[in-house]
Every structure is written in structure tokens, then in C-alpha cells.
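Novice: Sequence:
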Amino acid sequence: MPPANCSEHSVGAEAAVASLLALECGLGLLGNAVALWTLLFRLKVWKPPAVYLLSLVLADLLLTLCLPFLAAFFLRHKTCGLGPAPCRALFFLWPLGRGAGVAFLTAVAVDRYFRVVHPLLRVNLLSPRAAWGVSGLVWLLMAALNHQSLLVPEAECPASDPSTGGPSGRAWQEALSFAQFILPFGLVLFCNAAIIRALRRRLRAPGKQPKLQRARALLAAVVALFVLCFLPSFLAHVALAVCRGAGGCGARRALVLAADVASSLTGLQSVLNPVVYCFSNPAFRHSYRKVFLSLRGRGPGTQAPSCDLRDSDS
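Taking our numbering, the leading residue of the sequence shown gets 322, the next gets one more, and so forth.
Hints are supplied without guarantee of correctness; some may be wrong.
Derived Cβ-Cβ restraints for the label pairs, each shown as a range [as the list claims (entries may be wrong)]:
| hint | residue 1 | residue 2 | range |
| --- | --- | --- | --- |
| 1 | Ser448 | Pro407 | 32 to 42 Å |
| 2 | Leu508 | Ala538 | 12 to 22 Å |
| 3 | Gly571 | Ala451 | 52 to 62 Å |
| 4 | Leu504 | Arg443 | 16 to 26 Å |
| 5 | His468 | Ser448 | 23 to 33 Å |
| 6 | Val559 | Pro407 | 26 to 36 Å |
| 7 | Arg521 | Leu386 | 37 to 47 Å |
| 8 | Ser448 | Lys532 | 41 to 51 Å |
| 9 | Leu510 | Arg443 | 19 to 29 Å |
| 10 | Gly571 | Gly402 | 28 to 38 Å |
| 11 | Ala538 | Pro405 | 45 to 55 Å |
List time: in silico DSS-like cross-link candidates among lysine-lysine, alpha-carbon distance up to 27 Å [what the hints assert, rightly or not]:
| hint | residue 1 | residue 2 |
| --- | --- | --- |
| 12 | Lys365 | Lys532 |
| 13 | Lys365 | Lys611 |
| 14 | Lys368 | Lys611 |
| 15 | Lys611 | Lys399 |
| 16 | Lys532 | Lys611 |
If you are wondering where the hints come from, they were derived from the structure by calculation, not from laboratory data. Virtual Cβ for every residue (Gly too), placed ideally from N, Cα, C.
Let's have the full structure, built from the sequences with the hints guiding it.
Specialist: In C-alpha cells:
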């Protein structure tokens with residue numbers, strides 16, 4: 322048990338974290354609601370990419386709906402006024418939405434990799450029904466990996482300090498944090514880089530260069546998403562693991578504060594994922610443009626294109 326002064330709260334920092342979470346909630350809710358509307362009402366044919374993309378949107382919406390409660394959690398100095406059971410549910414659903422979002426973002430990248438780089442493989446014949454089954458298994462896997470929050474003994478709330486808890490719990494959280502950043506990021510980076518190499522060989526005509534440029538922009542967007550949303554949290558957890566037991570209370574409070582801020586940045590994935598949707602199909606770009614013009618008080622513009630989510634680069 323650390324000394325009492327080791328658990329002092331920074332009112333300004335907690336208010337800043339809560340404000341960031343509230344901003345992420347507003348922007349993420351708007352962006353993913355538009356994406357969900359596009360999938361449900363503009364989609365012509367359901368194929369595996371659409372199934373994975375829908376699951377990604379639902380994961381982002383789940384994460385977004387948790388953000389106001391997390392903002393209230395920080396405004397109350399890391400205490401939860403909902404009661405033990407709802408608070409355990411909150412600290413289960415938050416990492417569930419975050420982890421499922423990363424998993425389905427990876428699934429979209431892997432599916433596109435096979436369709437563009439290896440179009441003749443039988444995996445590309447996967448039916449939508451099988452894709453729904455894969456999505457269900459991913460949700461179950463993410464729930465199993467994050468179930469520990471539901472098993473916390475009766476208390477006000479699960480510990481928000483990543484450096485607290487038993488050794489086995491800390492080791493599990495650190496391993497899970499490592500796996501949910503390094504493995505998906507490496508896989509997404511490999512898939513998108515291979516897609517760009519394949520398109521560079523295939524799309525040599527000047528008229529087809531925009532497709533290659535969109536692929537490069539998509540790679541840049543995904544890299545930016547991982548760097549902004551997950552790299553700070555990953556580094557903060559590594560620093561806490563390395564420095565545990567070393568230094569005084571001041572250093573420990575600084576690391577915990579950095580971990581709080583970095584964890585709040587993971588909510589940005591619900592804000593930045595709509596950028597990925599825009600590169601997936603022109604229908605998404607039209608939907609976001611229509612909303613933007615409506616907010617500015619201008620007309621809806623041109624008619625919305627249909628959305629079948631077939632990879633136009635393949």
C-alpha cells in the first residue's frame with residue numbers, strides 16, 4: 322500500500338482528461354453514426370469486408386458510449402458513483418470496445434491484403450455467413466481477454482491505476498497491452514505495405530495513379546491512428562512496469578498521470594476510424610461531406626453513390 326500522499330489527485334489533470342473524453346465522445350458518436358447509417362441504408366451487397374467494417378463501427382460506438390461515464394469517473398477523482406456492478410461493467414465494456422476496434426481494424430486490413438495481393442486464394446471466397454461467424458468469434462475472444470474486470474471483488478470500482486493490483490493481474494494487463502498494440506500494428510503495417518507494393522506494380526497507367534495514392538493515404542491514416550491512439554498508452558504501461566518499486570511518490574504520481582492521459586487518448590480511435598471508412602468507399606466520403614455541408618447550412622450536393630464495399634483497387 323503506497324503512502325497516503327502517493328495517491329493525491331491532480332484536479333487540473335483529471336479535468337483535462339475528462340474534457341478530452343467528452344470531446345472524443347461527441348466527435349466519435351457523430352462520425353460513427355454517419356458510418357452506421359451508410360452501411361445500413363446505402364449498402365447494396367453484404368460481403369465479408371462490409372461485415373468486418375460494421376463490427377468495427379459497432380465497436381467504436383460501444384467505446385464512444387463508455388466515454389461520458391469515464392469522464393464522470395475522472396471528475397469524481399477516480400471514483401464511480403454507479404455502484405459496484407455497473408462500474409465493473411463499465412471497466413469491462415471500455416477495453417472490450419477498444420480491443421474489438423483494434424481487432425476489426427486488423428481484420429479489414431488482412432481481408433484487403435488477401436483480395437489485392439493474393440486474389441486467387443480460396444480465402445477470398447469466404448461467404449458473408451462465414452464472416453459473421455468470424456466476427457462473433459472475435460467478439461467472444463475480446464470478451465474472454467478482458468473478463469477480469471467482471472471478477473473484481475465487491476468494491477467501489479476496479480483500480481484505475483495500472484500499477485496497482487496483484488502481480489498476476491499486473492502481468493496479465495501488461496501482456497494484453499503489449500499484444501493489443503504490437504501484434505495488430507505490425508500486421509496492419511505489413512498488409513498495407515504489401516498492398517502498396519502490389520498496386521505499384523499493377524497500376525502503372527497514369528489514369529490509375531489515384532488508386533495508388535488512396536492506398537498510400539490509407540496507410541498513413543492507419544499509422545497515424547496507431548501512433549496517436551495506442552503508442553502513448555503502450556509506452557506509459559511499459560514505463561510503469563519498468564519503474565515499479567523505484568523512485569519516490571512524485572515519480573509514481575507522474576507516471577500514473579501520464580498513463581491516465583495516454584489511456585484517454587485511446588478513445589481517439591472512434592474519432593479517427595471514420596477517416597479509414599472514407600478510404601474504403603466513395604459512399605462514406607459522400608455521407609461525411611453531406612453532413613459537413615448540412616452543418617454549414619449548405620445544400621446536400623450530388624446524389625450519394627451506392628455502397629457495395631468491393632475493393633476497387635483489386
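Novice: If a hint holds in the structure, say so; if it doesn't, say that too.
Specialist: Verification of the hints:
no., hint, result
1, Ser448 - Pro407: 32 to 42 Å, "39 Å, holds"
2, Leu508 - Ala538: 12 to 22 Å, "20 Å, holds"
3, Gly571 - Ala451: 52 to 62 Å, "54 Å, holds"
4, Leu504 - Arg443: 16 to 26 Å, "25 Å, holds"
5, His468 - Ser448: 23 to 33 Å, "30 Å, holds"
6, Val559 - Pro407: 26 to 36 Å, "31 Å, holds"
7, Arg521 - Leu386: 37 to 47 Å, "41 Å, holds"
8, Ser448 - Lys532: 41 to 51 Å, "27 Å, violated"
9, Leu510 - Arg443: 19 to 29 Å, "25 Å, holds"
10, Gly571 - Gly402: 28 to 38 Å, "29 Å, holds"
11, Ala538 - Pro405: 45 to 55 Å, "46 Å, holds"
12, Lys365 - Lys532, "22 Å, holds"
13, Lys365 - Lys611, "20 Å, holds"
14, Lys368 - Lys611, "25 Å, holds"
15, Lys611 - Lys399, "39 Å, violated"
16, Lys532 - Lys611, "23 Å, holds"
Hint compliance for this structure: hints 8 and 15 are broken, all remaining hints hold.
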